[in-house]
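Using the sequences provided together with the hints, build the complete structure.
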Amino acid sequence: MNRRAQLSALLALPMLWLIGIYIFSLVMLLVTAFWVTDPFTSKVKPGFTLRNFEQIIANPAYASTSLRTLGIALAVTVLSILISVPLGIFMAKVASPKLRAILAVAITLPLWAGYLVKILAMRITFTEEGFFNSMLGPLGISGPGFSIVTVVLTLTYLWLPYMAVPVYTAIRQLPPNLFDASSDLGAGAGFTIRTVVLPLIRPAIIAGSIFTFSLSLGDYIAAKFVGGSTQMIGSIIASNINLNPPIAAAFSLVPIAFVVIYLVSVQRTGALERM
Amino acid sequence: MRSKIMTGAAFIAVAALALTGCSADTDGTSTAAGGLSIDVPDIPMIEELGEMESEVNIVAWSGFVEPAWSDEFTEETGCTVNRRVAGTSDEMVQLMRTGDYDLVSASGDASLRLIAGGDVQPINLDLVPNFGDDIVEGMKGQIYDTINGQSYGVPIGRGANILQYNSDVVTEEPTSWDVAWEADSPYAGEIIAYDAPIYIADAAVYLMAHEPDLGITNPYALDQDQLDAAIDLLKQQNKIVSEYWADPAAQITSFAGGTTSLGTSWEILRKLTDDDKFKSVLPEEGSTGWSDAWMIAAESESPNCAYAWVDYTSAADVNGAIATNFGMAPANAAFCDTSDEAAAHCEYFNATDEEYFSNVWFWTTPIEQCIDGRTDVTCTNFQQWTDAWLSVKS
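Which chain is which? The protein sequence lines are H and P, in order. Mapped onto numbering that gives the first Met the number 0, the consecutive letters of the first sequence carry residue numbers 0 to 274. Mapped onto numbering that gives the first Met the number 0, the consecutive letters of the second sequence carry residue numbers 0 to 393.
What the hints contain is simulated information worked out from the structure, not anything from laboratory work. Where is the CB? At the ideal position from N, CA and C, for every residue including glycine. Some hints here could point you the wrong way.
In silico SDA-like pairs for lysine to any residue, Cα to Cα no more than 20 Å straight-line [claimed, not checked]:
#: 1; chain 1: P; residue 1: K234; chain 2: H; residue 2: S146
#: 2; chain 1: H; residue 1: K44; chain 2: P; residue 2: K234
#: 3; chain 1: H; residue 1: K42; chain 2: P; residue 2: K238
#: 4; chain 1: H; residue 1: K92; chain 2: H; residue 2: V164
#: 5; chain 1: P; residue 1: K238; chain 2: H; residue 2: R67
#: 6; chain 1: P; residue 1: K238; chain 2: H; residue 2: S146
#: 7; chain 1: H; residue 1: K117; chain 2: H; residue 2: G217
#: 8; chain 1: H; residue 1: K42; chain 2: P; residue 2: A115
#: 9; chain 1: H; residue 1: K117; chain 2: H; residue 2: S63
#: 10; chain 1: H; residue 1: K92; chain 2: H; residue 2: T194
Pulled from the structure, derived: some chain P residues nowhere near chain H, Cβ distances all over 12 Å [what the hints assert, rightly or not]:
#: 11; residue: S88
#: 12; residue: D222
#: 13; residue: S253
Partner residues aside, some chain P positions facing chain H, computed with beta carbon under 8 Å [said to hold, decoys possible]:
#: 14; residue: Q93
#: 15; residue: Y243
#: 16; residue: I366
In structure tokens, the structure reads:
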């Protein structure tokens, strides 16, 4: 009995948080998606209508924006993996302890700067007369300007630490004798990475990808400041949140669906259990 | 193009006719606003003022409520001023609906929604002595703050959405918006557009001049075909746009950073670039614009302080201070005579130049009732505009 009381005391705060804040607000969001908005005054009235969902299906802008956002989120994730894996291997297995410490600080340091500051920094970098063009202009290279490419680069810049840190930690924990054994058996560096390192760090990559994917999916500030005319799911939700909250709620189910599908497919590979 | 003043005047005339029981149909010219009688919740107007309360809560645009003039107000009346700065009209509407605020500096695209939603109360202009003959003609009795002959707002100031350009790139002053809309614009890829559904009206203003067959007479009264045409034009523009701006700072850096050579702007933003190479013009087609007015919440807990604030800020000097701080034309023309600086400000912002503003279509909430007087079609409402706007960028 006493144990039970202890257990409930221990769980009270997390459960209150989980149910009160997380689940409750999600349910409210779901419920709002069925409410009605007065077309003139944009006042929201409780009720039940499927019109919000019909509108999302009927207007092709919603579907094309969803697909574009999905593409951006996947591109950010892939780019983060491509940067993190070689970087992690270098840091964990090649770099001297001093260089390793410097690199670890360099990767995590951007996390200390404000999110908006970083986006505005990217904006200044990629503006027409900005840093990128003035550095590479003489070589005949001109930057992507404000476009979907810049959005992907900016989001990768923002979320890279969430991928790089778990990947680095995972590689660091690999027993050195695996590398010795691999090379004793005659495998080259590339073959060792492909057949030994990558399979073992897959859970870390997946853990990182959950962050990079879902954070990119929900972002809209990057699209607003460096996207030029790029429209993402978040942009549409933001522009509707004051005018037509029910349709914003209905549309926000799309990224939720994307993340759930992603988690379920990841879970099927068994990666979540080893995370 | 019909003058905005005439629209306002005709509207008042119609309202007066309606009050005396005459049919508006008898007056041929009044069809402009004849159809516009909106069902407004019956909210009583305050007849006389009482004791001041202790505070007043204001939702305002940045720069409208500053200690430079609110401190003196508090001293005079004993009302502490609590300010909440809002970034968009939609946010203002939402904030007013929380019931926590007494006053709002509403633009035309917010005010109709507030009035029809029963969120603001009618204003007794007798209790605002500073609202007098000096209020510029073009801001009296406008459609977006005067409904069914009843005033709901006290004007603060107005401005136009102008065409700003970088004279290093655009060497010849543009006379038309065509450089910003047409696919073969020499500045394709360097054009900035405003990022909000209300920007559809800018497309409509352009179509009004260049596609007369569409029959658009008021950019805020678009039937479905006219809205589709405006969206097509916006989609065409989307291909030559460098950026869309909603954040003023982003707009300024876009021009200053060379990404953008021309596009829609406000006078204040051009001034803030602090660079003479950026020039502005009101093109021949005219433009959209905004006109702000104080409105008092229907459920205001401090109506006396609210009235006192509205009156205080309508005085020439305070109204002028707000207009100077924000960079717009003041509503109270008496400010222009107070000093040379004030006169220069009024001159720069065309404060009393009704001819200038007759070419400016102030933001108004689009509603199903066609405010241009047509009764044979249904116009598109703001929800439809918002939905259509999404397809522009996809």
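Results of checking the hints against the structure:
no.: 1; hint: P:K234 with H:S146; in the structure: 17 Å, holds
no.: 2; hint: H:K44 with P:K234; in the structure: 33 Å, violated
no.: 3; hint: H:K42 with P:K238; in the structure: 34 Å, violated
no.: 4; hint: H:K92 with H:V164; in the structure: 15 Å, holds
no.: 5; hint: P:K238 with H:R67; in the structure: 17 Å, holds
no.: 6; hint: P:K238 with H:S146; in the structure: 12 Å, holds
no.: 7; hint: H:K117 with H:G217; in the structure: 17 Å, holds
no.: 8; hint: H:K42 with P:A115; in the structure: 10 Å, holds
no.: 9; hint: H:K117 with H:S63; in the structure: 28 Å, violated
no.: 10; hint: H:K92 with H:T194; in the structure: 17 Å, holds
no.: 11; hint: S88; in the structure: 9 Å, violated
no.: 12; hint: D222; in the structure: 15 Å, holds
no.: 13; hint: S253; in the structure: 7 Å, violated
no.: 14; hint: Q93; in the structure: 5 Å, holds
no.: 15; hint: Y243; in the structure: 6 Å, holds
no.: 16; hint: I366; in the structure: 6 Å, holds
Hints 2, 3, 9, 11, 13 from the list above are not met by this structure, while the remaining hints are.
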